[in-house]
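2 protein chains.
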Amino acid sequence: MGQEGFTAQKRGSSALPTSTAPNGGSRSGRSLLRGGGNRQIHKTLNNIKITILCGLVTILVLRGTIGFGSLASDNDLDNQAIIEETNRILAEIRSDKDPDDPEDNQDQSLLNLNDTYSLGAKISNWDEERSLWLTRNQDFPNTVNGKARILLVTGSPPNPCDNAIGDHYLLKSIKNKIDYCRIHGIEIVYNMAHLDKELAGYWAKLPLIRRLMLSHPEVEWIWWMDSDALFTDMVFEIPLSKYKDHNMVIHGYPDLLFNQKSWIALNTGSFLFRNCQWSLDLLDEWAPMGPKGPVREEAGKILTANLKGRPAFEADDQSALIYLLITKTEWMSKVFVENSYFLHGYWAGLVDRYEEMMEKYHPGLGDERWPFVTHFVGCKPCGSYGDYPVQRCLSSMERAFNFADNQVLKLYGFRHRGLLSPKIKRIRNETVTPLEYVDQFDIRHSAQETSN
Amino acid sequence: MGQEGFTAQKRGSSALPTSTAPNGGSRSGRSLLRGGGNRQIHKTLNNIKITILCGLVTILVLRGTIGFGSLASDNDLDNQAIIEETNRILAEIRSDKDPDDPEDNQDQSLLNLNDTYSLGAKISNWDEERSLWLTRNQDFPNTVNGKARILLVTGSPPNPCDNAIGDHYLLKSIKNKIDYCRIHGIEIVYNMAHLDKELAGYWAKLPLIRRLMLSHPEVEWIWWMDSDALFTDMVFEIPLSKYKDHNMVIHGYPDLLFNQKSWIALNTGSFLFRNCQWSLDLLDEWAPMGPKGPVREEAGKILTANLKGRPAFEADDQSALIYLLITKTEWMSKVFVENSYFLHGYWAGLVDRYEEMMEKYHPGLGDERWPFVTHFVGCKPCGSYGDYPVQRCLSSMERAFNFADNQVLKLYGFRHRGLLSPKIKRIRNETVTPLEYVDQFDIRHSAQETSN
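Taken in order, these protein sequences are the chains called C and X.
At position 81 of the first sequence (counting the first as 1) the number is 82 in my numbering, and the numbers step up by one without a gap.
At position 192 of the second sequence (counting the first as 1) the number is 193 in my numbering, and the numbers step up by one without a gap.
Treat the hints with care, as some may be off.
For identical chains, the list gives no copy identity; a pair is met inside one copy or between any two copies.
[To be verified] Below, in silico cross-link-like pairs of lysine-lysine (DSS-like), each with a Cα-Cα straight-line distance of 30 angstroms or less:
no., residue 1, residue 2
1, Lys335, Lys293
2, Lys123, Lys44
3, Lys123, Lys426
4, Lys123, Lys302
5, Lys381, Lys424
6, Lys50, Lys381
7, Lys148, Lys411
8, Lys198, Lys148
9, Lys411, Lys123
Simulated from the structure, these hints should not be mistaken for laboratory data.
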């Protein structure tokens, strides 16, 4: 269009610039009209172009905003529908209120600093009562195959994990525990309920342990184990006879505890409590820093001020226990601080060495050569944000799981193709005399021989 | 712009139409030039407008396609990053190949129709061998507390579910089984490995059951239970003495089986196999329709042709078993087709009646009044597409889970606030004499009294 104007200029006449008029030179009134008409058309065409473009822009913006999805694939739409449906029903489930329940409709009042908190009615004669009960209930002895009866307690919140992969690893974790406990005659309670509104989160184990002690007098030891802790030595057994004069067994380091007052001197991710009066009393002493709200907040400040390396956050059960034991040292006479084997084994220093362990050592050692428990502290696969990179955690948990699973599958003649692989392969040929392998490879038979 | 042209037309002179020229009337050569310049500017402005619009369209299209996310919130980006990271490591895990393993690198050849498939080396003297072994291993009797030893077997694939909520319900399902089995002294094996490439999917239970029989001679009954089946009667016990002359116990209806030849006459989601030669032989007879590929496809056609109501799809283990038992009826002498209680209870007719059941009946009945097992056939929470609406399935599974959990929590003094609620509430006050409730509410004590 610019070119025509220039051409007109060059002519230097009064000729009107034309674009499409076939008779280039005539200058009648009719030409003037036709030229005006052409410009009209031109402008109209421009307007139409701009209108179409604006319309297209509007459609695209709308699509981006409301998912006006004519361009989405059917599969994506289906998946989206499933996810939305799932989230909707879950939200309904999570928000469930019972209209007949006055408790549900009260404001959730938080404990004030001056209120006293109690785990439950004060019991003072548990040892006698329990002893009497055991005498009267010979069918429910506190021993299993000559060993003290242990109840392993673990759990997770009742709602799905924030991160989908979290539920998958909770599943693998409980399978791992089922395997260990089946081999060693240990019962499991998997808790998914909050027994006490005040003591939620990591504190929830306190009311749970207390309730289980009082409801299972036949149980001699209650063993709390975090959901992010895996058994990695399927042969090792806790040397209970070592603790005949103690009531609590917990992994830690006395130097870190008493000299350094470190907030990680002990680990409450895996510990044992004897079912007795002393334990009930300790739980009562331990609990007061737990009630959520101002109590837990203030307690957190005390703990941060007194424990080395502790960041500022609300009181957690582990710091509270450490603080309790270093300030009221009379409790220590019955607490065994164990570090000769990994009742709790911090994962980062262990997971890369599994192949080396398989090459040099064997199950049953329970220590740094073949860790009893590998504990994925800080990984938090169930939550949104862990303290470590996601890939590092997931692949490490996968390795630990398979490292342990290999020890279980050995009886059946299989092992994993690699520590990252869900696939398994044979390590023995089929046989018409399978029982010789049972005698050789069933861990319980080796355990039996060791104790005889 | 149209208006100006009209005005010029009206003047009826040779005056050039102008838009911005201040001196409206002069008709010099300079006016001509200026008018030409104005048109130039006009056209240029139009071009610029259209160019900008096109650019905007391009950006929006690109954003929709590659997620050029300057408009996404930080949270969304974080979540997206976590999901992508998770999927990446999982894909790595799933694709793991062992370069040293020739098996892993072979083409996965499918069994041809003429090939014979075998579960393993043919064993013919299992009863004698097992009996001898039991005699020699008195520490591993085939009874527990006077009852035949049962091993409950269940499982799920090693990879995370397609649908995230699936892993959460697998977790709840295994917790439910842990509770029942703890109360009743039953051991659990949770399988997450494919023992036999050929028999994957629903057929995977066959090589698994066989392997467990041969590796656990101390086990009298192997009880297979699907991961989508929940215990809903925590008191009921399988009346094993009823089956002293049988080797297989399976829920079903003889009329549907022999007269109607229905493909749902029996349900292989929950059944028991005695650990004996007969069972090994039946497994060998059952397996041949299972190998994936042409064998399973062709077998599927035979089953669809012969079983009433069966849709067209590859052979499944349930249809294959039904077909086997109606064509080789000699096996039936040792098969107990049970329907006096819900060893398998189809969920749709049960889940809406739980409140009615709680009002009218009590645990221990195991039948339509208080179903032993509620089985969520067709819900497939782990996969992408079930046969029922997602909401119906999820809320029903939640109700069944809580209905069962209430029976477990009763010992501890709690129940769920409602069948859809993860929250619990007290049903008894705290007490200083907890043991009276143990005697009253521990299911094992009632079971003991019943058998005495």
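Verification of the hints:
1. Lys335 x Lys293: within (29 angstroms within a copy, 60 angstroms between copies)
2. Lys123 x Lys44: neither (90 angstroms within a copy, 90 angstroms between copies)
3. Lys123 x Lys426: between (56 angstroms within a copy, 20 angstroms between copies)
4. Lys123 x Lys302: Within. Shortest intra-copy distance 28 angstroms satisfies the 30 angstroms Cα cut-off; inter-copy 69 angstroms does not.
5. Lys381 x Lys424: both (25 angstroms within a copy, 23 angstroms between copies)
6. Lys50 x Lys381: neither (55 angstroms within a copy, 52 angstroms between copies)
7. Lys148 x Lys411: Both: 25 angstroms inside a copy, 29 angstroms across copies.
8. Lys198 x Lys148: neither (36 angstroms within a copy, 40 angstroms between copies)
9. Lys411 x Lys123: Classified as between: cross-chain Cα gap 21 angstroms, same-chain 49 angstroms, threshold 30 angstroms.
When each numbered hint is compared with the structure, violations occur for hints 2, 6 and 8.
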